[in-house]
Amino acid sequence: MDKFLYYLVTFLESALSVVGIRATYEEPRYAVVERLDRGVEIRDYDSRVAVETDARGQQDGEAFGRLFRYITGANGAIARIAMTTPVETGGRLIAMTVPVEQGAAGTMRFYLPRKVAEAGPPEPTEAGVRLTQIPRERLAVLRFSGTATTEVREQQSRILAEVLDRAGQKPTEPPFFMGYNPPFSIPFLRRNEVAVRLPPTKP
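The letter at position 7 of the sequence shown is residue 104 when you use this note's numbering, and the numbering goes up by one with no holes.
You may find that some hints are simply not true.
What the hints assert, rightly or not - Below, simulated SDA-like cross-link-like pairs (lysine to any residue); rule was C-alpha separation at most 20 Å, straight line:
1. Lys212 <-> Gly225
2. Lys267 <-> Val238
3. Lys267 <-> Gln252
4. Lys267 <-> Leu228
5. Lys212 <-> Thr244
6. Lys212 <-> Ser242
7. Lys212 <-> Pro232
No wet-lab data here; the hints were simulated from the structure.
Generate coordinates for the entire structure from the input sequences, incorporating the hints supplied.
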């Protein structure tokens with residue numbers, strides 16, 4: 098990809114996300130199978146591939162930097178990689194999709210586009226960064242806007258837990274956060290989500 102075009106597209110799509118426009122970003126495929134109180138959704142996600150690293154929480158700039166370097170060239174293809182969906186594929190091109198997942202277990206993930214996953218993503222070249230295959234799974238998700246501080250995420254996680262308890266749903270892991278906007282986005286236009294993994298459905 099032409100260097101000028103790469104930076105122009107990255108800037109324009111980042112600017113759009115500031116005002117809540119995320120149509121240019123690829124998201125993991127899912128189907129909403131049930132809606133519960135307080136806006137909680139039960140979603141079935143397709144299998145997907147992510148690049149992940151150990152993190153100290155949502156504001157861990159070092160973890161974000163390692164993942165960002167992967168999509169901008171610290172990979173076996175030494176590719177210049179777009180922050181959003183690719184504009185053109187000059188060789189191996191990888192986009193950063195949304196959401197960015199930040200788990201309570203101390204990991205941060207970028208999901209990779211489906212075409213890259215199907216073709217076989219390049220291996221990371223930086224220590225501490227790894228590829229992971231995520232199988233089909235069921236999540237319970239609560240969406241909210243605003244600034245996702247630790248306190249706010251904990252409050253939303255409690256709401257999610259209460260709704261699931263009333264519905265008789267038992268999560269298999271602690272809640273995690275999924276962010277869809279850069280930190281400089283207008284707060285009330287942001288899409289934030291807290292989620293938990295649920296037991297797989299029986300065939």
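A quick look at each hint next to the structure:
1. Lys212 <-> Gly225: Outside the cut-off at roughly 24 Å; violated.
2. Lys267 <-> Val238: Holds - the C-alpha atoms of Val238 and Lys267 are around 13 Å apart, at most 20 Å.
3. Lys267 <-> Gln252: Holds: Lys267 and Gln252 sit about 18 Å apart, inside 20 Å.
4. Lys267 <-> Leu228: It is violated: about 28 Å lies between the C-alpha atoms, which goes past 20 Å.
5. Lys212 <-> Thr244: At roughly 32 Å apart (the allowed maximum being 20 Å), Thr244 and Lys212 break the hint.
6. Lys212 <-> Ser242: Outside the cut-off at roughly 30 Å; violated.
7. Lys212 <-> Pro232: holds, 16 Å
Going through the hint list in order, the structure does not satisfy hints 1, 4, 5 and 6.
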